[in-house]
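Place chain Y on chain U using the hints.
One line per chain: the protein sequences are U and Y, in this order. If you count the first sequence from 1, position 270 lands on 270 in full-length UniProt numbering, and the numbers rise without skipping. If you count the second sequence from 1, position 305 lands on 305 in full-length UniProt numbering, and the numbers rise without skipping.
Hints are supplied without guarantee of correctness; some may be wrong.
Copies of one chain are not kept apart here, so a pair can be met inside one copy or by any two copies together.
As the list claims (entries may be wrong) - Under the rule of at most 27 Å between Cα atoms (straight-line distance), these lysine-lysine pairs were calculated in the DSS-like manner:
(1) K396 - K435
(2) K2 - K20
(3) K4 - K420
(4) K36 - K531
(5) K152 - K28
(6) K244 - K517
(7) K4 - K123
(8) K100 - K404
Hints were generated in silico from the structure; no laboratory data involved. The structure presented is a predicted model; accordingly, all values stated were derived computationally and were not measured.
Protein chains: 2
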Amino acid sequence: MKVKRSWTQQRDAKNARMEKVSSLLNGKFAKTEDAKEILERLIEPNDKVVIEGDNQKQADFLSRTLANVDPERVHDLHMIISSISRPEHLDIFDKGIASKIDFAYSGAQSTRVSQMISSGRMKVGAIHTYLELFGRLFIDLIPNVVLVAAEKADRNGNLYTGFNTEETPTIVESAAFKNGIVIVQANEIVDQVPRVDIPGDQIDVIIPADKPYELEPLFTRDPQNITEIQILMAMMAIRGIYEKHNVQSLNHGVGFNTSAIELLLPTYGEKLGLKGKICRNWELNPTPTLIPAIESGWVESIHSFGGEVGMEKYIAARPDIFFVGKDGSMRSNRALGQVAGQYAIDMFIGSTLQIDKYGNSSTVTAGRVPGFGGAPNMGSNPTGRRHSTPAWQAMKTTDNPLDKGQKLVVQMVETFGANKQPVFVDKLDAVDVQKEINMENAPIMIYSEDTTHIVTEEGIAYLYKTDSMAERQAAIEAIAGVTPVGLRSNASQLQDLRNRGIVALPEDLGVHRGEAKRSLLAAQNMSDLVKWSDGLYNPPAKFRSWS
Amino acid sequence: MKVKRSWTQQRDAKNARMEKVSSLLNGKFAKTEDAKEILERLIEPNDKVVIEGDNQKQADFLSRTLANVDPERVHDLHMIISSISRPEHLDIFDKGIASKIDFAYSGAQSTRVSQMISSGRMKVGAIHTYLELFGRLFIDLIPNVVLVAAEKADRNGNLYTGFNTEETPTIVESAAFKNGIVIVQANEIVDQVPRVDIPGDQIDVIIPADKPYELEPLFTRDPQNITEIQILMAMMAIRGIYEKHNVQSLNHGVGFNTSAIELLLPTYGEKLGLKGKICRNWELNPTPTLIPAIESGWVESIHSFGGEVGMEKYIAARPDIFFVGKDGSMRSNRALGQVAGQYAIDMFIGSTLQIDKYGNSSTVTAGRVPGFGGAPNMGSNPTGRRHSTPAWQAMKTTDNPLDKGQKLVVQMVETFGANKQPVFVDKLDAVDVQKEINMENAPIMIYSEDTTHIVTEEGIAYLYKTDSMAERQAAIEAIAGVTPVGLRSNASQLQDLRNRGIVALPEDLGVHRGEAKRSLLAAQNMSDLVKWSDGLYNPPAKFRSWS
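Just chain U, with the same shape it has in the complex (with noise of 0.2 Å):
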């Protein structure tokens, strides 16, 4: 039976709300001392709406702005954060001008996430991955408004997003084509923007801001802090896995292990031979401790989900390797990116707090709720894959025709965490995270079908080869150090595993232990990064402990 209805009361009411800050606009431009009252004029009570919480990019002036409405006229809103990284991302909680969440990370603020879920302050739709909140965005979370941040408008209501593009073009573009209402703060307003990163016809409302958006160092790691441990786990990596597997695509995660194996590259790896070889397209976003390699010559490509405090300039001249723009600056893009770290690359390595004797993992600990980001989706097999590369086709272990590779997907850890605590345990605390919140799962960030491979200062587990459960947490067990998990592991048990290959120690990846030392690092300290780069790398204040 054929309804009755208009089918534009979206647009409609779109319009309605614009004509009510219209006496607010000049064009498409507002005052920046406006802005409490623009948003109380475009948002209304129970509205989806998007803030920009890039990792690094904030959409920080429209964020205070928001926890400083009047609840009375602005309350339960829906908020779609990708990323909780401010404290006000959470005030308006507090506030009831929002009551409802969904997420995919909260980092800083996984601590009070978790305490504002427990009272019930805050009600959480569920935690995603970053490309499961994008998808959403297009089909049962369409927003009704989208805050985002731009360095530069222009007077066509153009954005200049340049190297901190990230999610800018798709969350707006969730709004922009659904009758949503996009407000961006800017930085600068411009005659003519250097490039134009987002269409001035998809923005509705463009704000000066009151100061530049907040932007945080993430991804820099400072050579100094690396460890012996953390070197000789590299080595084992880049023998027992990258060079093993002829790993030429890869993600690195977030830390010092992986910041270890970039540092080793150019010299550990030059010496095996390995140039050209192996890790030359990276997805990732631009670290410095990547930058001997580069310099090295090891790297062909890098695309880069967001971008990096301090690695601008630096970028803009190596516009061989990363991806830049006419106007000369990086551009990143978290969503094509993401895509690409699913499905384009042979390996995803990275690091957890806990693994359990399955092999499972998570960074989900008593108390914090911080939400995996993007990891889930790289530390994962897709299934859907269905082109072949060397590494991919290196973990079909069978000869069925209907048997396929598989994403290579490894943990690397060190038995005993920062804390002292073991990272192996019998029972992950996300499990108990879940009663404790009420999830209706396991705040588990990679399953343990989805890892091929764990590396622990004892050595590596291949837990592709494994073919039973048993064998799984056999394979574990070995390389689990003195945890309770670990010590279940016995010297005969240990000898079998090794002798089928299913448990390397560095004696028998060729890895001698009395060379893992700091020197065989390219870059001892920040210093030595910033001489790498030919000066061009400019490291943010708190990582200039030398000058």
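Coordinates of chain Y only, in the frame set by chain U:
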């Protein structure tokens, strides 16, 4: 060791190439008659070249022109084409202009593709899904030249791709930010585009096309060809899957089976009281057979990968449902649509040509290599997914605290196909095709492990409930009719599977075979669809049998 090199070699090379055509350009604009010369000067031997070959929109002026370049000047190209849709996509291999290809789908050209691979005339890098291929454009298949099609271009080079935006922004981005050359054929040059889909500074050369680009109506199914068996299957799917599992967000594959479901929602679905409870949010090309469900108020939103010929005006008049820009025309986006289709929906339901006794399915049959497009992405269980929905969670079958839900992946087939051949087979043709053309893995479209349900005219197999391969095989046999696979089933086995809810026959679902009549369809033919649309749907000529 720091290498001595220029880090702007790619940019310099691009500038040098552009210099070679400067005399043929007025700004970014070239003359139609210079197209061949432009391509001969800008494309160099061994280049990686993307030709836009969407499912629907074809950069056919540029592909026809490429097929006419002098093979002495341009040869051994490495082509990257998501859909090999046109003869000249293959002619260039016959002429030696190209030698290698990476692709995702070959549809209408699949027989010739198979022959050209067998004969060695065309070397295949890999057969991908769309998302894999898009991802690799940013990793290890970064193109030198990209050839795309736009509806309109303005004097500043801004492109309007409108209704058929599809993959254009994604493939342009891969070249525009990595020193690649972007060449556009435009149907029309205008002073100002209705909206900017791609900013002009991402574009290098614009050539007015000799005629508007080709468009294929690939997703149009005439209701008059829907059979009563398909209607019976559709009724079973609605009751036994959509209603049972509370499927709210979904994608329908192309075919009469799913068209039947679409046309039963306003009749059978309405009678069951399911309106507003299922099928609310869609990722779907705008299939005309969904018009009655939309007009009956079933559908909240539809995001689309691409357009569909004849649906332009209807969609423009329904911006509450579809993604429509300020200019009033739909915006499609294949990359974001595939992301949403993989990660943000409850269910994928489609059809196939063969299913083996284990539950693996493929559309590859002897002598044809069609590729799979997006089906393997959407038809897989993305193990990286972390958010839950009722339908997804319904697939959880154990109390294991580490267990989680699963995406519904449904295959819907008649036990014998259109060619009277059994769909259920002991061995897929794909296994032989793998050997014939020396593929690294058998070209499976959807693996058994990812498949949760199979629907036939006999009943539904709830594969997600099976806990062994033997049980899974028995469930498949039970609904495989009189195919060789089905004949292995017996009455007591069937009864046991029904008792345990692993197989359901129509009567178990409360579906009355006698009700499965064509009169139950909300539209009997194309003319009815036009009526439902208030005359806004304008079917392509070949579907206008009544006029």
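Exercise. Tell me, which hint numbers fail for this structure?
Worked result: 2, 3, 4, 7
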